[in-house]
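The numbers in the UniProt record's numbering rise by one with no breaks, and the one at position 83 of the sequence shown is 83.
What the hints contain is simulated information worked out from the structure, not anything from laboratory work.
Note that the coordinates shown come from a computational prediction; the quantities given were computed from them, not determined experimentally.
Backbone N, C-alpha and C define an ideal beta-carbon position, used for all residues, glycine too.
Take the hints with a grain of salt, since some may be wrong.
What follows is a set of in silico ranges between Cβ atoms, one per label pair, in the way DEER data are often shown [to be verified]:
#, residue 1, residue 2, range
1, LYS170, ASP119, 19 to 27 Å
2, LYS240, ASP208, 14 to 22 Å
3, ASN256, ILE94, 51 to 59 Å
4, SER253, HIS178, 27 to 35 Å
5, ALA220, GLN169, 37 to 45 Å
6, PRO157, ASP198, 28 to 36 Å
7, ASP119, LYS74, 24 to 32 Å
The list that follows gives simulated cross-link-like pairs (lysine to any residue, SDA-like), each with its CA atoms no further than 20 Å apart [as the list claims (entries may be wrong)]:
#, residue 1, residue 2
8, LYS98, GLU124
9, LYS4, THR117
10, LYS30, GLY49
11, LYS214, THR226
12, LYS228, GLY255
13, LYS30, PHE40
14, LYS21, GLN35
15, LYS201, ASN180
16, LYS63, TYR20
17, LYS116, LYS93
18, LYS83, ASN24
19, LYS214, ASP231
20, LYS240, ALA209
21, LYS228, GLU204
22, LYS201, ASP231
23, LYS102, ILE132
24, LYS228, GLU262
25, LYS63, SER47
26, LYS228, GLU212
27, LYS30, VAL65
28, LYS21, LYS4
29, LYS4, HIS96
30, LYS170, LYS63
31, LYS166, LYS201
32, LYS30, LYS52
33, LYS63, GLU124
34, LYS105, ILE85
35, LYS93, ASP79
36, LYS52, SER81
37, LYS21, SER81
38, LYS201, VAL218
39, LYS102, TYR122
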Amino acid sequence: MVRKSQEWPDEGELIVGTVYKVLNYGAFAKLEEYQGKEAFIHISEVSAGWVKNIRDHVRENQKIVCRVLRVNPKKGHVDASLKRIREDQRTKKIQHWKIEQKAEKFLELSAKSLDKTLDEAYDEVGYEIMDIFGDVYGAFETAADEGAESLTEEGIPQDWADAITKVAQKNITPPEVHINGYVDIETFVPNGVEIIIDALKAAEDNGDAEEEIKVQCVGAPRYRITVKSTDYILAEKALKAAAERCIAVVEESEGNGSFLRELDD
Numbered sequence: 001m002v003r004k005s006q007e008w009p010d011e012g013e014l015i016v017g018t019v020y021k022v023l024n025y026g027a028f029a030k031l032e033e034y035q036g037k038e039a040f041i042h043i044s045e046v047s048a049g050w051v052k053n054i055r056d057h058v059r060e061n062q063k064i065v066c067r068v069l070r071v072n073p074k075k076g077h078v079d080a081s082l083k084r085i086r087e088d089q090r091t092k093k094i095q096h097w098k099i100e101q102k103a104e105k106f107l108e109l110s111a112k113s114l115d116k117t118l119d120e121a122y123d124e125v126g127y128e129i130m131d132i133f134g135d136v137y138g139a140f141e142t143a144a145d146e147g148a149e150s151l152t153e154e155g156i157p158q159d160w161a162d163a164i165t166k167v168a169q170k171n172i173t174p175p176e177v178h179i180n181g182y183v184d185i186e187t188f189v190p191n192g193v194e195i196i197i198d199a200l201k202a203a204e205d206n207g208d209a210e211e212e213i214k215v216q217c218v219g220a221p222r223y224r225i226t227v228k229s230t231d232y233i234l235a236e237k238a239l240k241a242a243a244e245r246c247i248a249v250v251e252e253s254e255g256n257g258s259f260l261r262e263l264d265d
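Start from the sequences and build out the full structure, keeping to the hints where you can.
So this is what it looks like as structure tokens:
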């Protein structure tokens, strides 16, 4: 079960539940993110249209996403709605919940490496990293990208920071950014072909930087420059610098060049 740092959901919040009982007047669902809590969905909140048979819309063991209408701690459940949610919201919530399920597995692996249980992991660092990073996966994603120091700087104990980072870097692949631009270059000197080749090599020479740069001929005098990186801003800088290096070589040989950024989809 994916857990939340707070005991009860907020009104208006989207929650994931598993239906365990369907009656003629409504359905009951156990909440996946709030341990020991359940939601009640009245038949009037099941569908925007008229509901002749509630079981045509919900069934036992079905995973649902609903919106919290009211929170009732005394009764130990919340009143929720299935109809007051768009399909794109439902899809996004389920995707996030699945990611957090994966993150909980990562947290359990981290705990195991320290001879601790998942409950101990939540008590010692789990709820804390939720407050700091927004959710558990956010902490692992940050650790995978920036290392254990990114956690210790936020007050996470060194042993937990090291354990989380080790699991994160083993299981999380940084997202890749691909951007493109074009250079139009030409020169009319006798050794013009060699100049163009040198210019394209200069574009691809990114020194010790991590960004990967490749140049392809689209059709002379146009060449495409593709930059692959894990950071969009760094990719943009690398693309601009590559184009400038390329054009500079051509202009030094009395040629000319221009740069055009390809628009992202």
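Here is how each hint holds up against the structure:
1. LYS170 / ASP119: 19 to 27 Å: Holds: the Cβ-Cβ distance is about 23 Å, inside 19 to 27 Å.
2. LYS240 / ASP208: 14 to 22 Å: holds, 18 Å
3. ASN256 / ILE94: 51 to 59 Å: holds, 54 Å
4. SER253 / HIS178: 27 to 35 Å: holds, 31 Å
5. ALA220 / GLN169: 37 to 45 Å: holds, 44 Å
6. PRO157 / ASP198: 28 to 36 Å: Because 54 Å falls outside the window, the suggested range is violated.
7. ASP119 / LYS74: 24 to 32 Å: Holds: the Cβ-Cβ distance is about 27 Å, inside 24 to 32 Å.
8. LYS98 / GLU124: violated, 23 Å
9. LYS4 / THR117: The hint holds at about 17 Å.
10. LYS30 / GLY49: Answer violated: LYS30 to GLY49 is near 25 Å, above 20 Å.
11. LYS214 / THR226: Cα-Cα ~5 Å, so holds.
12. LYS228 / GLY255: Outside the cut-off at roughly 28 Å; violated.
13. LYS30 / PHE40: holds, 9 Å
14. LYS21 / GLN35: holds, 18 Å
15. LYS201 / ASN180: Holds, at roughly 17 Å.
16. LYS63 / TYR20: holds, 10 Å
17. LYS116 / LYS93: violated, 30 Å
18. LYS83 / ASN24: holds, 17 Å
19. LYS214 / ASP231: Within the cut-off at roughly 17 Å; holds.
20. LYS240 / ALA209: Cα-Cα ~14 Å, so holds.
21. LYS228 / GLU204: holds, 12 Å
22. LYS201 / ASP231: violated, 23 Å
23. LYS102 / ILE132: Given that 20 Å is the threshold and the Cα spacing comes to 19 Å, the pair holds.
24. LYS228 / GLU262: Measuring from Cα to Cα gives roughly 14 Å; hence the hint holds.
25. LYS63 / SER47: Cα-Cα ~16 Å, so holds.
26. LYS228 / GLU212: holds, 5 Å
27. LYS30 / VAL65: Measuring from Cα to Cα gives roughly 11 Å; hence the hint holds.
28. LYS21 / LYS4: Cα-Cα ~24 Å, so violated.
29. LYS4 / HIS96: Within the cut-off at roughly 13 Å; holds.
30. LYS170 / LYS63: violated, 30 Å
31. LYS166 / LYS201: The hint is violated at about 38 Å.
32. LYS30 / LYS52: violated, 24 Å
33. LYS63 / GLU124: violated, 30 Å
34. LYS105 / ILE85: Since the Cα atoms of LYS105 and ILE85 sit roughly 29 Å apart, the hinted pair is violated (cutoff 20 Å).
35. LYS93 / ASP79: Measuring from Cα to Cα gives roughly 18 Å; hence the hint holds.
36. LYS52 / SER81: holds, 17 Å
37. LYS21 / SER81: Since the Cα atoms of LYS21 and SER81 sit roughly 16 Å apart, the hinted pair holds (cutoff 20 Å).
38. LYS201 / VAL218: holds, 16 Å
39. LYS102 / TYR122: Roughly 15 Å separates the two Cα atoms, so the pair holds.
Going through the hint list in order, the structure does not satisfy hints 6, 8, 10, 12, 17, 22, 28, 30, 31, 32, 33 and 34.
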